[in-house]
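Quick mapping for you: the protein sequence lines, in order, are chains C and F. Quick note, in my numbering, the first sequence goes up one by one and the last residue is 498. Quick note, in my numbering, the second sequence goes up one by one and the last residue is 1339.
Quick caveat, the hints were computed from the structure, so don't treat them as lab data. Because the structure is a prediction, the values reported are computed rather than measured. Ideal Cβ placement from N, Cα and C applies to all residues, glycine included. Among these hints, one or two may not hold up.
Stated by the list, open to error - List time: in silico EDC-like cross-link candidates among lysine to aspartate or glutamate, alpha-carbon distance up to 16 Å:
#1 C:Lys367 - C:Asp276
#2 F:Lys1336 - F:Asp1195
#3 F:Lys1181 - C:Glu108
#4 F:Lys1336 - F:Asp1204
#5 C:Lys109 - F:Asp1182
#6 F:Lys1336 - F:Asp1196
#7 C:Lys110 - F:Asp1196
#8 F:Lys1336 - F:Asp1182
#9 C:Lys109 - F:Asp1178
#10 F:Lys1258 - F:Glu1133
#11 F:Lys1258 - F:Asp1196
#12 C:Lys26 - F:Asp1195
#13 F:Lys1258 - F:Asp1204
#14 C:Lys28 - C:Glu108
#15 F:Lys1266 - F:Asp1178
To be verified - Not close to chain C: a few residues of chain F, all C-beta gaps over 12 Å, as computed:
#16 Glu1050
#17 Val1056
#18 Ala1192
#19 Gln1208
#20 Ser1210
#21 Val1269
#22 Leu1294
#23 Gly1304
Claimed, not checked - What the simulated footprint calls covered on chain F by chain C, stretch by stretch (three residues with Cβ under 8 Å from a Cβ of chain C suffice, anywhere in the stretch; the number is not a length):
#24 1063 to 1074
#25 1140 to 1153
#26 1276 to 1283
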Amino acid sequence: MTLTQNFPFFSIILCMIAGIVTSILKPKAAKALTFFVSGSVVVLSVLTLSLTLRLDSAYPYMMGHFPSPWGNEIRIGRLEALMATGFSVVLCLSLIGGLRHSPAFVSEKKVNLYCIMVDLALAAVLVLIYTNDLFTVYVFIEILTIASCALVVVRQNGHTLVAITRYMIMHLFGSGLLLLGISMLYGITGHLLMEPLGEAVRAIVDTGEYAGPLTVVIALITAGLAIKSAMFPFHSWAPDTYAYAPPLSSAILSGIISKTYIFVLIKFYYRVVGMDVIISQNISPFLFVCGVSGMILASVMAISQRDIRRMIAYSSVAQIGYIYMGLGIGTTAGVEAALFQMLVHSVVKSLLFLATYELINVSGDRKRFRYLHGAGYRNVPAGIVFTVAAMSMVGIPFTGGFIVKLNLAISGMVFGGWMRSLVLIALAISTLLNGVYFLHTVVSIYRRPPGDIAYPPAEKIPPYALVALFASMLLIIYLGIGSEPILRVIQTGLMTFS
Amino acid sequence: MSKRRSDWQTRPQARIRKWFHEGFLALDDEIISQISQDSEPHQSYEALLEAQEEAVETRKHERTLALDRLDQYNVLVWARTRGRKVLSALHVILALVLSIMMIFFLLETVALMPRFGDTQAPGVNEVSQRYIEKGLDETGAVNIVAGMILDYRAFDTLGEATVLFLAACAVLILLRIDRNKDGSPVEELIAAESDDRHYEPRSDRILQGSAKILTPIILLFGIYIILNGHLSPGGGFSGGAIISAGLILYLNAFGFEKSGRFFTNKTFVMVSFFSLSFYGIAKTYSFYFGANGLDSGIPLGTPGAIISAGLIMPLNIAVGLVVACTMYIFYALFRKGGL
């Protein structure tokens, strides 16, 4: 095994050890270490991606001295490397753009605790992306849940405490369902690693013994992960949490963490159960219906919001709906579109939360649309990046959102009859609704402000934060113009995934 | 005048109200007579009539608006009292139905699962066979469970230990009350301290006497469980919990002043830092060597001896320290927001 093949393991262990070391560091050093870790993870992930592009197939990596059915294992393939790269880039850019606001939401003495949460959340995200073991999934989902609670609750006021209580209840319920599903699956197969599990599940499907429990297992794990990723009817925790958490935490939560759960779900479908079983067990129509209703109803709710952050939070639920619609279509093209949407949305949403915070800041910490009039002039860079991100949300050409909608529409085209029209109509309606609320926001930040409100003097954004904001913006445009290679990586990665 | 809706009189709402409330017309006559008395005599008849009609309409409109508001108010009151009750009852019923359905389905599933202890069950396969048959040779641990969690599946256990550390840090974020920059206590801390007086036993002889006898025994027992983790049932998680129980008993009997002599915030940070870093580094070493097909070179020793089973005993100690510190600091944080 060459040194490069160890890089995913290095990136995981680097984050974990950095999280532990951060507990004894001073605030400044803790911040520096967090930047260093996220930067190194970006570099390591990019190197891993370039390595996997040269290799033909994915390779397993033993965590210890014992091979597959006995010891823990991670698996490194194109798709995993691409996701790790995407998420770590998003985290790095969000940290550069958002960590400088830390005095506004966390006291100086608790900064290092916040950094621990960021480091360990990144570690858990990486493990969940790479892992090849269903029980490791559960353990690191636990880490992710606790870390995300702490990320929200660093800002302590009534709103966040109520939001986090709801978040905890829903997420622990989701974890419970997941654990129940995993233990039942172990009961009927006797395995925890994904390859032997897949074989055992295939045997169950062929022989029909324990087919009933298998259906329940699939339903439990799907429900657990759907709750955790804010799929539409289970989204009630999302708006408050995303809206009232500190901006950086919202960016991490909705940009990276909720997507990680969906990636785990895709991994479970592809590597353990097999997509054909999911379709034959009628799980995918359920996902499709939830996705479509989320796309439309969450957008309707977003329109009725008066607080800009809540509007963005609801739009996040709507965008998760796109991912589930792609999954629910069930074809390879649909899942590819869903995976691409995960990447695009993680960049766009984290950028939106950060840019919104800048806009709110120059409006004297007021969140209502009425007071945001003219914010685009008071903070020009934030206005520009917000506009581009909003355009991507709506799906205007040359942004990532357009490619997502195009791919979803194309993947719906393979069906005949009502299914095709349903996909196209749902996309059309939700695009229209997205247009209503995002373009309304863009217009309102460029309107003339009412004369009777005094705004604080605009503070200068430091150059590094500007670089991060504009880098995210360019990434969105790149995903819209140069999406071909990324789509090809997703395509080939998905082929070797199962 | 300008804000008045022109169609208020033709709205069905207004018609229903007119039909509903008798005495409406009588009121109109009263208004007209009042206005005609007040008005100046030398105005033209048309102008007078117009003014009268205008005034009547205004009064009618105001009346409708007031009734509208009354309706809205009644609806609001209903929503706040009866409506809320109805909704919550509905919620309870739906939740009950959902729970009963879930219980039914899960019981149904359990009935279909392989029977406990069945030798033909899918769980009896090469995985558990190797753990049981070769576990002692490969890990050196007499206690198969310790061998499994700390050697075969050590990565999961590294995650579990991190969960504890993370949970402690999360509670620190939520509950720790920091002092001011110059070291003086903030108001919250003073309030928490005075609150805590209720729990401080100043001279509880029975508690202190039994704690004096029990604490050392409990601590020793915890240490025994940790050190024998690879030989007998137990290990870091259970032993750590026992040690923390002893520490909490000591704290309850003698108060923060005395326990603060050997366990401060710094102790927690340092102990968990060192044990977790040791765990992380040791496991990094063995993962790296294992994945690259190299021999780790750690001797397994004679099975059954106290110094045997390679890294399992030191790892158990590290896990035990983390668990003990975490549980102790949980207790302290929930009691008064710090040590």
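Outcome of the hint check:
As the CA atoms of C:Lys367 and C:Asp276 are separated by approximately 47 Å, the hinted pair breaks the 16 Å bound. Under the criterion of a C-alpha separation no larger than 16 Å, the hint pairing F:Lys1336 with F:Asp1195 is consistent with the structure, at around 8 Å. Restraint check for F:Lys1181 and C:Glu108: the C-alpha separation of about 10 Å stays at or below 16 Å, so the hint holds. For a cut-off of 16 Å, the pair hint linking F:Lys1336 to F:Asp1204 is broken: about 20 Å separates their Cα positions.
Restraint check for C:Lys109 and F:Asp1182: satisfied, since their Cα atoms lie roughly 13 Å apart, inside the 16 Å limit. Between the alpha carbons of F:Lys1336 and F:Asp1196 the distance comes to roughly 6 Å, so the proposed pair stays at or under 16 Å and holds. The suggested pairing of C:Lys110 with F:Asp1196 is violated, with an alpha-carbon distance near 23 Å, which exceeds 16 Å. With a C-alpha separation of about 21 Å, the suggested pair F:Lys1336 and F:Asp1182 falls outside the 16 Å cut-off, and the hint is violated.
A C-alpha spacing of about 7 Å is found between C:Lys109 and F:Asp1178, which places the hinted pair at or below 16 Å, so the restraint holds. A hinted pair counts as satisfied when its Cα atoms are at most 16 Å apart, and F:Lys1258 with F:Glu1133 does not qualify at roughly 50 Å. With a C-alpha separation of about 15 Å, the suggested pairing of F:Lys1258 with F:Asp1196 holds against the 16 Å cut-off. A threshold of 16 Å between alpha carbons decides the hint, and for C:Lys26 with F:Asp1195 the separation of about 31 Å lies outside it, so the pair is violated.
Of the supplied pair hints, the one linking F:Lys1258 and F:Asp1204 holds, its CA atoms being roughly 15 Å apart against a limit of 16 Å. Taken as a hint, the C:Lys28 and C:Glu108 pair is honoured in the structure, with Cα atoms around 9 Å apart against an allowance of 16 Å. With a C-alpha separation of about 14 Å, the suggested pairing of F:Lys1266 with F:Asp1178 holds against the 16 Å cut-off. Even its closest Cβ contact with chain C, about 39 Å, leaves F:Glu1050 beyond 12 Å, as expected for a residue assigned away from the interface.
With a minimum CB-CB distance of about 39 Å to chain C, F:Val1056 clears the 12 Å threshold, and the non-interface call stands. Residue-level check passed: F:Ala1192 sits 15 Å from the nearest beta carbon of chain C, beyond 12 Å. Every beta carbon of chain C lies more than 12 Å from that of F:Gln1208, the smallest distance being close to 34 Å; the non-interface claim holds. Distance check for F:Ser1210 against chain C: the nearest CB is about 35 Å away, which clears 12 Å, and the non-interface claim stands.
Under the 12 Å C-beta cut-off, the non-interface status given to F:Val1269 relative to chain C is violated; the minimum distance is some 6 Å. A beta-carbon of chain C is positioned within 12 Å of the beta-carbon of F:Leu1294; the least distance is around 9 Å. Here F:Gly1304 stays apart from chain C, with its beta-carbon at least about 22 Å from theirs, past the 12 Å limit. Restraint check on the stretch 1063 to 1074 of chain F versus chain C: 0 residues with Cβ-Cβ distances below 8 Å, three needed, restraint violated.
With 3 residues having a beta carbon nearer than 8 Å to a beta carbon of chain C, the stretch 1140 to 1153 of chain F meets the requirement of three or more and the stated coverage holds. Counting residues of the stretch 1276 to 1283 of chain F whose beta-carbon sits less than 8 Å from any beta-carbon of chain C gives 4, enough to reach three: the coverage restraint holds.
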